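With the hints as your guide, set chains B and C onto chain A.
These are the residues of each chain, in order.
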Amino acid sequence: MKNLFTAALAAFALVLATGADAQTKLRVFSGGQQQRPDLMKRLFDEYTKRNPGVTIEIETGGATSELQRQYLSTILNAKDPAIDLYLIDIVNPAQYYGAGWLEPLNAWMGDAATAMKPYLPVYATSNVVEGKIAAMPAFADAMFMYYRRDLLDKHKVAEPKTWDELVAAAKKIQQAEGNPNLQGLSIQGAPIEGAVCTFLLPYWSQGKEFNDAAGRMTLDKGAAAAGLRQWLAMVDAGVIKKNVAEVKTPDTVNEFKAGQVIFAINWGFAWDRFKDDADSQVKGKVGVMPLPAMPGGRSATCIGGWQWAVSAFSKNKPEAARLVRYLTSPEASKFLAAEGSLLPTYPGVYTDADVVKAVPWFKDAANVVVAGKNRPMSRDYGQVSDIIRTTTSAVLARTKTPDEGVAEIENRLRRVMR
Amino acid sequence: MKTRLLVLLAAGIVVANGFFPAAWILLTSLKTEAELVSKPITYWPANATLGNYVQAFTDQPLLRYLGNSAVVAAVSTVVSLVVAALAAYAIARLNLRRRQLILTCIVASSMFPLVTLLVPIFETMRTLGLLNTYTALVLPYTVLNLPVCTLVLVGFFQSIPKDLENAAMIDGCTRLGALVRVVVPLAAPGVFTAGILAFVNAWDEFLLALSLNASASMRTLPVGITLYQGEFTFPWPIISAALIVAIVPIAVLIALFQERVVGGLTQGGLKG
Amino acid sequence: MAALIDRLRDPSEKTLGLLLLAPAFLLLALIVVYPIGKLVFNSFFDLRLSGGGGAARFVGLENYALVLTDKDFWHATKNTVLITLITVPGALVVGLGLALLANLPFKKMGLPMWPVRLALLLPWALPLAFAGLIFAWFFHTEYGVVNDVARRFGADEPTMWLLRPGWAFAAICITIIWKTSSFMALILLAGLQMIPRSLYEAAEVDGASRWQQFWQITIPMLMPSIVVALIFRTITALQTFDIPYTMTKGGPGNATETLAMLIHKTTIEYLDVGYGSTMAVCMFVLSLAVTALYLKRIGQQA
Numbered sequence: 001m002k003n004l005f006t007a008a009l010a011a012f013a014l015v016l017a018t019g020a021d022a023q024t025k026l027r028v029f030s031g032g033q034q035q036r037p038d039l040m041k042r043l044f045d046e047y048t049k050r051n052p053g054v055t056i057e058i059e060t061g062g063a064t065s066e067l068q069r070q071y072l073s074t075i076l077n078a079k080d081p082a083i084d085l086y087l088i089d090i091v092n093p094a095q096y097y098g099a100g101w102l103e104p105l106n107a108w109m110g111d112a113a114t115a116m117k118p119y120l121p122v123y124a125t126s127n128v129v130e131g132k133i134a135a136m137p138a139f140a141d142a143m144f145m146y147y148r149r150d151l152l153d154k155h156k157v158a159e160p161k162t163w164d165e166l167v168a169a170a171k172k173i174q175q176a177e178g179n180p181n182l183q184g185l186s187i188q189g190a191p192i193e194g195a196v197c198t199f200l201l202p203y204w205s206q207g208k209e210f211n212d213a214a215g216r217m218t219l220d221k222g223a224a225a226a227g228l229r230q231w232l233a234m235v236d237a238g239v240i241k242k243n244v245a246e247v248k249t250p251d252t253v254n255e256f257k258a259g260q261v262i263f264a265i266n267w268g269f270a271w272d273r274f275k276d277d278a279d280s281q282v283k284g285k286v287g288v289m290p291l292p293a294m295p296g297g298r299s300a301t302c303i304g305g306w307q308w309a310v311s312a313f314s315k316n317k318p319e320a321a322r323l324v325r326y327l328t329s330p331e332a333s334k335f336l337a338a339e340g341s342l343l344p345t346y347p348g349v350y351t352d353a354d355v356v357k358a359v360p361w362f363k364d365a366a367n368v369v370v371a372g373k374n375r376p377m378s379r380d381y382g383q384v385s386d387i388i389r390t391t392t393s394a395v396l397a398r399t400k401t402p403d404e405g406v407a408e409i410e411n412r413l414r415r416v417m418r
Numbered sequence: 001m002k003t004r005l006l007v008l009l010a011a012g013i014v015v016a017n018g019f020f021p022a023a024w025i026l027l028t029s030l031k032t033e034a035e036l037v038s039k040p041i042t043y044w045p046a047n048a049t050l051g052n053y054v055q056a057f058t059d060q061p062l063l064r065y066l067g068n069s070a071v072v073a074a075v076s077t078v079v080s081l082v083v084a085a086l087a088a089y090a091i092a093r094l095n096l097r098r099r100q101l102i103l104t105c106i107v108a109s110s111m112f113p114l115v116t117l118l119v120p121i122f123e124t125m126r127t128l129g130l131l132n133t134y135t136a137l138v139l140p141y142t143v144l145n146l147p148v149c150t151l152v153l154v155g156f157f158q159s160i161p162k163d164l165e166n167a168a169m170i171d172g173c174t175r176l177g178a179l180v181r182v183v184v185p186l187a188a189p190g191v192f193t194a195g196i197l198a199f200v201n202a203w204d205e206f207l208l209a210l211s212l213n214a215s216a217s218m219r220t221l222p223v224g225i226t227l228y229q230g231e232f233t234f235p236w237p238i239i240s241a242a243l244i245v246a247i248v249p250i251a252v253l254i255a256l257f258q259e260r261v262v263g264g265l266t267q268g269g270l271k272g
Numbered sequence: 001m002a003a004l005i006d007r008l009r010d011p012s013e014k015t016l017g018l019l020l021l022a023p024a025f026l027l028l029a030l031i032v033v034y035p036i037g038k039l040v041f042n043s044f045f046d047l048r049l050s051g052g053g054g055a056a057r058f059v060g061l062e063n064y065a066l067v068l069t070d071k072d073f074w075h076a077t078k079n080t081v082l083i084t085l086i087t088v089p090g091a092l093v094v095g096l097g098l099a100l101l102a103n104l105p106f107k108k109m110g111l112p113m114w115p116v117r118l119a120l121l122l123p124w125a126l127p128l129a130f131a132g133l134i135f136a137w138f139f140h141t142e143y144g145v146v147n148d149v150a151r152r153f154g155a156d157e158p159t160m161w162l163l164r165p166g167w168a169f170a171a172i173c174i175t176i177i178w179k180t181s182s183f184m185a186l187i188l189l190a191g192l193q194m195i196p197r198s199l200y201e202a203a204e205v206d207g208a209s210r211w212q213q214f215w216q217i218t219i220p221m222l223m224p225s226i227v228v229a230l231i232f233r234t235i236t237a238l239q240t241f242d243i244p245y246t247m248t249k250g251g252p253g254n255a256t257e258t259l260a261m262l263i264h265k266t267t268i269e270y271l272d273v274g275y276g277s278t279m280a281v282c283m284f285v286l287s288l289a290v291t292a293l294y295l296k297r298i299g300q301q302a
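Residue numbers (the working numbering), protein chains in the order written: chain A, 1 to 418; chain B, 1 to 272; chain C, 1 to 302.
Note that these hints are calculated values from the structure, not bench results.
A quick note: this is a predicted structure, and the numbers were derived from the prediction, not measured.
Be aware that one or more of the hints could be misleading.
Unchecked claim - Covered stretches of chain B (chain A as the covering partner; in silico rule of three or more C-beta atoms under 8 Å from a C-beta of chain A):
#1 33 to 42
#2 122 to 132
#3 181 to 189
#4 209 to 217
Said to hold, decoys possible - The calculated lysine-lysine pairs, modelled on BS3-like cross-linking and capped at a C-alpha distance of 25 Å, are:
#5 K285/A / K39/B
#6 K71/C / K162/B
#7 K172/A / K162/B
#8 K242/A / K39/B
#9 K275/A / K162/B
#10 K39/B / K248/A
Positions of the beta carbon are idealized from the N, C-alpha and C atoms, including for glycine.
Same shape as in the complex, but just chain A:
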């Protein structure tokens, strides 16, 4: 009897020992430098402290959304099980889920509607595909209208609420300052992802929608052409520079920082660049406001941001999903906001006392973000984005007229966004 007992004890101890040794290793692809792997690492450390059975390894790579898409495309195409979690751009969940690369998270997060409720309204459409949760929101981003508060004050110009007011304000300041290098407005016209927003912003600000809830295209050609014509009119008026089709996101930021721009449309990260960079000539002179509307329309902005998704080929799905839940919790959102000025995904966090203390401008940001809209959700987003951004850039380069451009967009997308 005693022998049996000792044997059982030994066996039990053995099981305990192997159980304790049963570490799950999760490999996480957390994007490039801009996705703040340093902050993510601190979140991971906190998680492993609370869950000693898990180790997390970070994989970064692919500097831009495009390069990452390329890299991920190749890996996921080959069904690589090496990586368990992916941090992906907000435009990608529908496409990746459609390709069968993402594991639906309903089993761990609950049904889609309830799971998405605490977050910003935009995620209910961007992250959910046919009732399945493809990804959970990590941090948000949006396009803001930055402006030189000092110049507006100096020339007694009020914050413009419509595009026409903005043009008038810009022209007035440009004439008064007499500096030939001073741009009225800087937007991104190069064929980058941001150009999709350049197309959509004036369109949305007329109150139009690009697609319905089912993903079918509902393009109002007249409005779209009017939007593009508005940009071109600004070029003709000297408010936007002629080679706008060469301007990429960093160009706008660098030129604004050097004091060469009055109004600039750019993502949320730019605020810190303007405020903190050593070579910034505009410290303390920058204001932020919602994007102007067209008469009869409303202010609208483009939502960006990143999402956590679990690989369909992962061998540790439950553990990965648990990590995702932690990474997308209000606590994590607060941390990322306060430490990294990354826009929160929960409306409530914007007005949280600690966050407001660390990042005072988030109070104003909240209204902008809540009114944010999604780029077209489609499982063929790669193609949709390519068509919109190349055509928009071509129109801004004046190699196509706005009507030709819009006709081409409609033509090509009709086949894709049925």
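Using the frame of chain A, we list chains B and C on its own:
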């Protein structure tokens, strides 16, 4: 006197043509980012700084990338040369039927753009469990360089008189022995030429390295350099510094061996 | 058994040939033949990864029929052929010029050879993708050196190089020629140095001018080197990807999109693997045809 001036001018043109982008990159690597948007553009840096180099090495493990590139390029060059030498000998010396066809096949393999073979190659490496290893890159690079190396070496082997080998074989060497002891040393210039071609090709390759060796510890230089840019930033000064770090080893290598390379081509490399 | 070992120790030509060629063919099978096979296989399917996890539908030759009527495909092919027709002769001419300059008797004047040779090789040693980025910056409307130089020479309106289809095309061709002419120059330089001086001296005695000497001695003697260089250059030109990709991404619109770029976009971005494979096979056939043409012409001359 006049000829000397003309010759100097000629040399100047050639040197300027080859060096000006590198010179531009060098100057940019000493500037600050703010200076890059000044109008009109500046050529000489206003306040030259070495800070970009420091940042290039600290933002990313540039030294590690250098090491990886060196290993992959060196190993694939050696393997390529060995395999090419064997094949070239067979084509040049042995009386095989359809030699021309075999050579054409090898050359034809370079007709497929790498871009299209990317996904199948990735899948193969994954199935073999070779992802994120040096082998994953060495194998494709070897194949990439095989056509050129083989072509160069075939030309060389054909120009070496058969009598020397026959003499060696009469003295008791096997064919393979003759290959190693007689032919290869005589073809040394060709080996150098082919070697440099292979090395630089491997050093510069980007697409495969991006997909196959993605983890930070195994990345090669070209891939690493694209990672200084961010979604929202394109730090030209730092990227320029990293580019200089990438170019200098190759430039030194070429400077050391340029005599051999040209000599190699002169001595009858590419006579088809 | 003993017979086998005997054979291995002193193999017949055929066995030796097989052994020597084995490593090369094994590698080629793994890295080239198998992927190409998969490519051809995929081209017969409607394989779209965006449409539900890779369920492939066999469509036979339908993809090929689609390709033949695809406007974008023919446009990209046209661009690719144009680039080839411009940059291959362009690189040859520039390369020949550089080679002739580099062939001047520097050594006799006591000048070092290595800067010249290094200058010839440096453009080739620069990674393609970065050459594209650097030249894109050179051609930038505001911050580019090209426009700055033009401005100093009195041009009033800066050319928006990369924003006009014609100019962008030109900028790309210039970059490609710059990059590839250096390697051509090297090969031609080697060829030049092989031409015996005696030929020139004899011609001079016969009263031939420099120009005549050039056309009747230099060019014919260089022919073999020229041909080999042209074949490789043409194959690479048909595959042009990195430089237009980094300079204009195929823009404005798709004015500078090459075949390789279209295939890459279709496979990696649109995730339409079946159709992308079809275009890749067509591209291979095109390359093969062009090379066969070359080889035939050489065969005729020789």
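| request: Apply the coverage criterion to the region 33 to 42 of chain B and chain A: a residue qualifies when its Cβ sits closer than 8 Å to a Cβ of the chain, and three qualifying residues are needed. | output: holds (count 6)
| message | Can you tell me if the region 209 to 217 of chain B counts as covered by chain A, using C-beta to C-beta distances under 8 Å and a minimum of three residues? | response | Our answer is that it holds, as 5 residues pass the Cβ test (under 8 Å) against chain A, meeting three.
| Can the restraint linking K172/A and K162/B be considered satisfied, given a maximum Cα separation of 25 Å? | Violated - the C-alpha atoms of K162/B and K172/A are around 86 Å apart, more than 25 Å.
| Is the Cα-Cα distance between K285/A and K39/B 25 Å or less? | With a Cα-Cα distance of about 22 Å, the restraint between K285/A and K39/B holds, given a limit of 25 Å.
| Does the structure keep K275/A and K162/B at a Cα separation of 25 Å or less? | Distance of about 76 Å is beyond 25 Å: violated.
| request: Take the C-alpha atoms of K39/B and K248/A, compute the straight-line distance between them, and say whether it is at most 25 Å. | output: Holds: K39/B and K248/A sit about 18 Å apart, inside 25 Å.
| Within 8 Å of chain A (C-beta), three or more residues of the region 181 to 189 of chain B | violated (count 0)
| query | CA of K71/C to CA of K162/B, is that 25 Å or under? | reply | violated, 56 Å
| query | Quick check: the region 122 to 132 of chain B, covered by chain A? Criterion 3+ residues, Cβ under 8 Å. | reply | Check passed, 4 qualifying residues.
| message | Hinted pair, alpha-carbon criterion (25 Å max): K242/A, K39/B. Please report holds or violated. | response | holds, 16 Å
Hints 3, 6, 7 and 9, counting from the list given before, are not met by this structure.
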